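2 protein chains.
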Amino acid sequence: MAKIADKYFKVDPWSVVEEGFDPERNRVSESIFALGNEYMGVRGYPEEGYGGDTLLGSYFNGLYEEMPVQGHYRGTIRSLRFMVNAVDWLYTRITVDGEQLDLAQSRFSGFRRVLDFRKGTVQRELVWHAKDGKELAICFERLVSMTRSHVGAQRMTITPLNFSGTVQIRSGLDFNTLHEDQGRGFWSVVRREQAGSGAAMLGRTANTGNRLYSSFTLHTQGAEVVRSEPIEQEHLAATELTLHVEQGQAAVVDKVAVNAAFVTCAEPDAAVWDEGQALLGQTAEASYDELSHEQAAYWEEIWRTSDIRIEGDPENQQGIRFCIFQMYQTYHGDNPGFNIGAKGLTGEAYRGLAFWDTETYCLPFYLFNNPKAAKSLLEFRYRSLEHAKQRAREVDCEGAFYPIATIDGTESCDLWQHSNLQLHVGTAVAYGLWHYDRIVSDKAFLYEKGVEMLVEISRFYATRGQWGQKSGQYGYFGVMGPDEFQLMVNNNCYINLMAKKLFEYTRSVLEEMKAEAPAALKAVSAKTGLRDEELENWAQLAENMKIPYDEETGIYEEHDGFFDMPHIDIHSIPVTEFPLYSHWSYDRLYRYDMIKQPDVLMFMFLYNSEYTTEAKRANYEYYEPRCIHESSLSPSIHSILAAEIGRHEEAYNFFEFATRLDLDNYNRNTREGLHTTSIAAAWMNIVYGFGGLRSDGEGLALAPSIPQAWDEYSFNMTYQGSVLEIKADQHRVRVRVTEGDSVAIRIYGENAEIGMAGVEVPMPKTTVKAGS
Amino acid sequence: MAKIADKYFKVDPWSVVEEGFDPERNRVSESIFALGNEYMGVRGYPEEGYGGDTLLGSYFNGLYEEMPVQGHYRGTIRSLRFMVNAVDWLYTRITVDGEQLDLAQSRFSGFRRVLDFRKGTVQRELVWHAKDGKELAICFERLVSMTRSHVGAQRMTITPLNFSGTVQIRSGLDFNTLHEDQGRGFWSVVRREQAGSGAAMLGRTANTGNRLYSSFTLHTQGAEVVRSEPIEQEHLAATELTLHVEQGQAAVVDKVAVNAAFVTCAEPDAAVWDEGQALLGQTAEASYDELSHEQAAYWEEIWRTSDIRIEGDPENQQGIRFCIFQMYQTYHGDNPGFNIGAKGLTGEAYRGLAFWDTETYCLPFYLFNNPKAAKSLLEFRYRSLEHAKQRAREVDCEGAFYPIATIDGTESCDLWQHSNLQLHVGTAVAYGLWHYDRIVSDKAFLYEKGVEMLVEISRFYATRGQWGQKSGQYGYFGVMGPDEFQLMVNNNCYINLMAKKLFEYTRSVLEEMKAEAPAALKAVSAKTGLRDEELENWAQLAENMKIPYDEETGIYEEHDGFFDMPHIDIHSIPVTEFPLYSHWSYDRLYRYDMIKQPDVLMFMFLYNSEYTTEAKRANYEYYEPRCIHESSLSPSIHSILAAEIGRHEEAYNFFEFATRLDLDNYNRNTREGLHTTSIAAAWMNIVYGFGGLRSDGEGLALAPSIPQAWDEYSFNMTYQGSVLEIKADQHRVRVRVTEGDSVAIRIYGENAEIGMAGVEVPMPKTTVKAGS
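If you read the protein sequences in the order shown, they are chains A and B.
Anchor point for the first sequence: position 353 equals 353 in full-length UniProt numbering, and the numbering is continuous, going up by one each time.
Anchor point for the second sequence: position 598 equals 598 in full-length UniProt numbering, and the numbering is continuous, going up by one each time.
So that you can see chain A by itself, here it is in the shape it has in the complex:
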């Protein structure tokens, strides 16, 4: 599986730079230059209107439409919900002497697009050579405010280079956006108002009645406003400014947009409108400059606590900062009720749905950078507990069955083989609760909400499982584990093991609560109707859980019969046949010992401390050669384990495209949006992989190694309220606390109390050779 970089952007430690415009790559750039603030996101599309290939995407977290699904069978979904493309609040048109700027038609030079990690802005500049010889330097800058969730802003700077005269600017809001996947728009405008140089509209989605308030105001400097005229068109409200501009003088038009999304239908339109107007009022005094300063200050603080520095490897330095930037853009826990879609807020692919990636790949980033955000993610699951309980009933089970793909807590995967056979979101949630408990020790949350989820999830796993008739052991039949290339199997090792852990953890929390929180225990028992027999049953099930395992080789069998699956040498598959989903008959994918992504290795990563290095080595050596990494989540887990078992070269090779998966468009589908959850995996790859962080055992452990190509790297992490800085070069490792009290951790297996002074230990000899 050779993945090949498509190098295009300039390498810079603090930004991504595109020089020159390539229409063929425009959609890729739109993904890379996407901005978001967890509440909303916009792709980096040319807001002035573009006649070429573009995906004009503007998304609001949790705002969805739905379409009916022709379901054949009971227990499969009937309605599929997806993140709907929403208002284009950046809508702009620029006209000079009747010619409208359009990069698909116009002549221009000096194109440059920059994403600045420290400013949190995207800038796009060019010189427009109009047909009548007029030349204008134009710069668009935009931001999506990290400090004010509802606010987006745009600054347009126009400098006539060889003339003085008139320029027409139309700027406004457009609800005519198409949802490309569905080939239609979903919005109607139910209310609108034009006021001063701005306007407001209330849009409503066709099927779900989700509503979006959107408004804008304009502020012009450096040019005379000859005329300002309101424009009303279907689903569109704008202001047309006629400006007199002077040669060599920059005319600046600032736009501040306020958006407010309403998923519930409870409130009447009038109330929703008033809420929107109130938000607009709160923002009225904010200038673009102020918003921009706030934005830079926010990012400065982020980089102070969350930066990763890599000396001697500019590409990965840029890559990992891009990843951290995207993680914060996608999610930072300021707004309750959100989750992380597989593509974040950067495209329509995966329909804006969240998967198990949230708890297994993204949560660690937040646990060690932003524990509030970590909690908020778990809160999402608690808010959707009723949906999960309903879903369990739909599949003839009890308790809570968390959906494999969701935007609002309901199942939104229309493939029964995934929605009904993939059980591993529930155990991922339980793992997330356990992990959060270990690192953050938020017992209030655990004893009230966490435990209720654990009880209901356990109930599901206690009714979905069955007893093998021959083995006499408990397990899950008719399932698909994390490895999606084994479609419908029995006793998937990962699912069985995670269920066993679930039962044990639920029981231990309930046991702990007997002593620590008897009142809370009483409350949750009453609320859930928990019975003692259930606890006994869960103990039985955990004890009798089948974990397919070959004593002789020490290899876990991914599922019953996996060892007999026909062998294929994955290196014999021609590169042209990837991705296999597109090139192989669907059924053929599922008939080999080939795996798509880690499954046995996944639980060895999650419960790392429970397995010896030897066990990890044996299983790595068996499964890695069978894995084709058709999931972008796959290489990082392999890299982390490879580093642990001393396969440093492999660890680095697997790492190679982790941080730059999208920047270098390795999978050739960045055009659809960023691989947001893979970005989280890239962070884990450095911190868990090279940093050797382990957070599943007793306390926290570090065991850094360093790729030979790097001079030095360092990362920060928040742990028990303190900020730790880990710095490693080819010779030594330094760990210190930069903020807060000293903390106890283990370094290379040795206990250490880390304070401001820090400790220094030598880097072990076996360093990583650069990938050759």
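Careful: at least some of the hints might be erroneous.
Below, a list of computed lysine to aspartate or glutamate pairs in the EDC-like style, where the Cα atoms sit at most 16 Å apart [what the hints assert, rightly or not]:
| hint | chain 1 | residue 1 | chain 2 | residue 2 |
| --- | --- | --- | --- | --- |
| 1 | A | 470 | B | 552 |
| 2 | B | 470 | A | 550 |
| 3 | B | 443 | B | 511 |
| 4 | A | 470 | B | 550 |
| 5 | B | 527 | B | 452 |
| 6 | B | 522 | B | 532 |
| 7 | A | 470 | B | 557 |
| 8 | A | 7 | A | 19 |
| 9 | B | 727 | B | 712 |
| 10 | B | 134 | B | 99 |
| 11 | B | 470 | A | 552 |
| 12 | A | 470 | B | 593 |
| 13 | A | 7 | A | 24 |
| 14 | A | 501 | A | 543 |
| 15 | A | 527 | A | 448 |
| 16 | A | 527 | A | 386 |
| 17 | B | 514 | B | 452 |
| 18 | B | 616 | B | 552 |
| 19 | A | 375 | A | 334 |
| 20 | B | 470 | A | 557 |
| 21 | A | 727 | A | 711 |
Looking from chain A toward chain B, a few residues come up when the C-beta cut is under 7 Å (computed) [to be verified]:
| hint | residue |
| --- | --- |
| 22 | 420 |
| 23 | 470 |
| 24 | 478 |
| 25 | 567 |
| 26 | 590 |
| 27 | 591 |
Because the hints were derived from the structure by calculation, they are not lab data.
Nothing here was measured: the structure is a model prediction, and the numbers come from that model.
Where a beta carbon is used, it is the ideal one built from N, C-alpha and C, also for glycine.
Assemble the complex: chain A is given as a structure, and chain B must be docked to it using the hints.
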């Protein structure tokens, strides 16, 4: 699984009689009173127009429409073809003094609907009490000619009981028929002509461009035609007759319709039209009486060679004749290129598609009643060989992959789990060729067409299979066997065994041809590019085929791991949960040792002579209690094997609803159409079950038993050109040849030469107790 009869029709040995009209049951009756002649079929709908619940269905074998399928993956179908509802050539309207007859609105009495097995007609009579007090006895009779495939006819007899006066009859053709499953009509009329009292139209389907020529002529007797007026409406052509009728005198309007279906688009409309007109010309002189006489004569001949008589059990007597009647109506091999849809030509359910039922359940009926029809069925597969080869390439295999569901030879199942995992049509075709070869010895067909199919089918099975990594044996991974309650398994015993047989048979035919038909062998080798290595490979694969089997118990394991499937006591499932497809979550169906229909027992039926009675008993005793018979094809196979292993009471119990599945609406879905292929299974149930016929071993074997409830039963069968009559009562069995030369068979294991004089042997003691 308690199936309960819904007794409704009168029991009669030679007809089905409905007395009184029950609107709730009208759709069921429309299925029961459906007529067909393999070329076309009409449901028994009220042709005078009915405002109540009706499925006005008129079908032409092989005439199809298609709809796009939203396929997610490669190797799954993109277009689904289905038998399209076509012209209502029985279209009639009767008006008296402005009131139009409609059984949903009108007052009427004396309703009686009769299907006559000897006349091959459906008669429907009633007395209409019009609002103004006028009373008319009305009788509709219809037939679909068994001797003239394109011809259908209707006789309407109207007798004014208490008045003389005017009656208006509108009669014609209507292409406005709705395809209910799709909620739309598919026809446009591309040409029309009105001539004399009749008219002709050429209809064309919207997506596929299939065409249907339809025409009618009217002939009136016993009434004065006051006026005859052509009616042209959209998609409709009719004649409106104003008749003067005399009290007490029967006015008769006969309608002869000529229909011709054109599936190919090659010929221009004009040519197709001319063909239709020529057919109309050939029928011009045929009166209803003539057609009716021909029809009765045809059926007389059928009953002479194919009747089954049961003395002492009027319900099963009626039932089995209904079955035989339907088998001939659905298919008798006069028209090349047809197959047998799961519902024949009686409804939209199963979309008119043919499955593996054709070769495994229907073929034996034709082998022993109408060998020409048997051959024609196999010809269907030969005609569609190119489609099967194309399909094999779509799933990344070689050779020919016959579709699990088809109308024209292309795959038309839109569920990947069936279309891509169910491999057993190909081996069913091979089995059919083998069976046909054994019974009919048509070597010309075998050496030219049969062998070509065998080679291509073998190629498919040699590329779809794989080697188990642990077992070192060959087999099929990711498959669904006949038992559709084990959805995606490895080494399904049935599939593996049938593939082994396929390879062996293909090799033996090729071997035989070396001596018997070297030129034909050369031809087929050249045509298929057959290589010696392939033959060697097939030998290897057959030899190393994995047949999961437990030496200790003698039980074949349905597939790898079946013995570990969680147990469910199928009798613990509440009756209200059937059918399980409607009441259980889809994934739940597949997680037990519960089977839907015979799988291991199926191959023990097909290759009966290769298994000892002990082996059959052991496997029957294991699998029967796990089978819920959710397929209507299931009980008959169990009944046949139960009879063989001496479980006579069970044999009779399983037989109970075989012949009357539709007459008594056991599955409560006869409204959708008849269970045509189950009807074939009912025939096998008597002939293979009680008759003890075995046709898979050396020569033919009989071993009759008799249910205690029966005084006597007899059946005829054609074998090696002779007609055998088998007659059995509680004391003895008589077998004789009634036509043709003497034949050698075995009776209760003893060789016997049967001639006109016949042989008589005592009935063995263990007779069947009536089901209690």
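Open item on the list: Taking the earlier hints as the rules, which of them does this structure contradict?
Closed with: none
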